[in-house]
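When you get a sec, could you build the whole thing from the sequences and use the hints?
Heads up: the protein sequence lines correspond to chains A and B, in order.
Numbered by my numbering, the letters in the first sequence go through residues 1 to 296 in order.
Numbered by my numbering, the letters in the second sequence go through residues 1001 to 1274 in order.
To give an idea of the chain B side of the interface with chain A (calculated C-beta under 10 Å), a few residues:
{"hint": "1", "residue": "ARG1051"}
{"hint": "2", "residue": "GLY1055"}
{"hint": "3", "residue": "LEU1075"}
{"hint": "4", "residue": "ILE1076"}
{"hint": "5", "residue": "GLY1077"}
{"hint": "6", "residue": "PRO1080"}
{"hint": "7", "residue": "LEU1085"}
{"hint": "8", "residue": "GLN1134"}
{"hint": "9", "residue": "LEU1148"}
{"hint": "10", "residue": "HIS1151"}
No lab work stands behind these hints: they were computed from the structure.
This structure is a prediction, so every number in the text was calculated from the model and none was measured.
Glycine included, every Cβ here is placed at the ideal spot set by N, Cα and C.
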Amino acid sequence: MSVLLSVPGFLANEPVRVALAVGGGAALVCAVVGCATVMRRQSFAGHALADVSSAGGSAAYLLGVNPLFGFLGMAAAAAGVMEWADIREARERDLLTGVVLGAGLGLAALLLYFDATVRSVSGAAVTVLFGSMFTIPASIVPLALAVAAVALAASAIVHRPLLVSSLSADLARAQGIRVRAVALTHALALALAVSLSAMTVGAILSTALLIGPAAAALRLAKRPASAVVFAALIGLGATWGGIVLAYESFYWTPGHGWPVSFFIVALIFCAYLIAGWRAGRAGVRRAPHPSGCEGT
Amino acid sequence: MTDPSMALAVEQVCIALGGRRVLRDVSFRLEAGEFCGLIGSNGSGKTTLLRAILGFVRLEAGRIRLAGHSAGTGLIGYVPQKIALDPGLPLRARDVVALGLDGARLGPALPSRARRARVDEMLQAVGALEFAEQRVGLLSGGQQQRVLVAHALVRRPRLLLLDEPLANLDVRSTAEIVALLRRLSRDYGAAVLLSAHDVNPLLSAMDRVIYLANGSAVAGRADDVVRTEVLSSLYGYHVDVVRVHGRVVVVAAEASEQIHAAVARNPEHTAPVP
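Right under this line is the structure:
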């Protein structure tokens, strides 16, 4: 029966409950970590981590272990390498990120080929790359929520030093902030967020959940705390809304529903457009300089 | 040794970066509440010296003493050169000042009345109260400079370092920022060391000037330092210090002759690129 007619029926469905829990956790973590990532202009690095994590997800299917471990391991390793390289120049950092991204996806291509040929896991490629929320095993929920809690705690702990470092590393150093330790903590939180997001909407689309709600929220918010709240609302709304719509879609094309990831990403995209339109109307981004202080 | 009025003592400091000697035997002192200009052209080592005072750069020789605390403990106020404040950042001017107060602390910031009062007081002191609620990236250059000064001063440091704070400001904002820093250094008893490539906007405000050239420094009162003999010996060739309508112009007559002579000898080196 349609979710619109039977909410208890919808919630009694175990794959739905698992999707709501894991997806909700991922959306929340991505909102918080995503805001800091966008402010630090590390969106591309976030995307690269997600792509590299797909190799971990593919390896997990090959080895028959929990895919979250796979995503997590590869994302954390890539984050570590990228922070360890400690490149300050934006152009070089983009180059390194691009090369790491390519290498990760290449490895994923090989492992997914083995998944299909050696292990005969059907659909591993689609699941790893584009997600498959209704097939997430219930056994993952405690681990996923634990990962989410660690990522949220890490973000909350370093959030003020991280804000100062995003203004200027020297400014942060002058205040006695250990800039590299803070950046590393954020990179690990980013790896956790990306791996959760890869579990939910797939490695390729996980950037959408990480960057989309944050980017929309940053257009609307005037202060960091409200940006995080907006991003969390948009991310949760899109994820849970996507699950509801995907559930509904079983009735649109009888026999096979549409992918959840499509709905989630579509809702995030709409939120981003609406945020841009609202920000334009409210003049948040284009506020004129107040007169009477300095000339231009 | 322990002099209560001393804010900063730089003693025979030598610094090499990448094998190249940048500063040699630089010495000067700053007293509490003094306003001091650090003057030199691009590449003369101004930024390096400020970074050394902050403890970011290793000294090859000499030492740097600070009043009552050492570098790297966050008790020096610092306004770095050219911070690009992105208009997309969801940070109000007020948030930037609050980050100056407790940005190094871990964990979430809890709202407190005392915290807000200190931020408000600082915003008022730099004349930034009226745009305190605006996104900092949308403010004008002079307004952003005020916010960054408030960020640096809100913890009441004994020493405030500013790296080229007057770059890219129009004439009026330049005069306003200089007057503001002059007043704050007296009100807060903080020594202010400000780097600039032009001495003129600072002439009437400075208690002391440090001129950097060729890796060396001369320090003293502006009237004693900005003179033909002193600057000629610092630069290593004859320059004329000319005063016109209360402004100073440093003219390197011989240097320009040498350049002309070099061009005449090696015209192909200076041929225009097609």
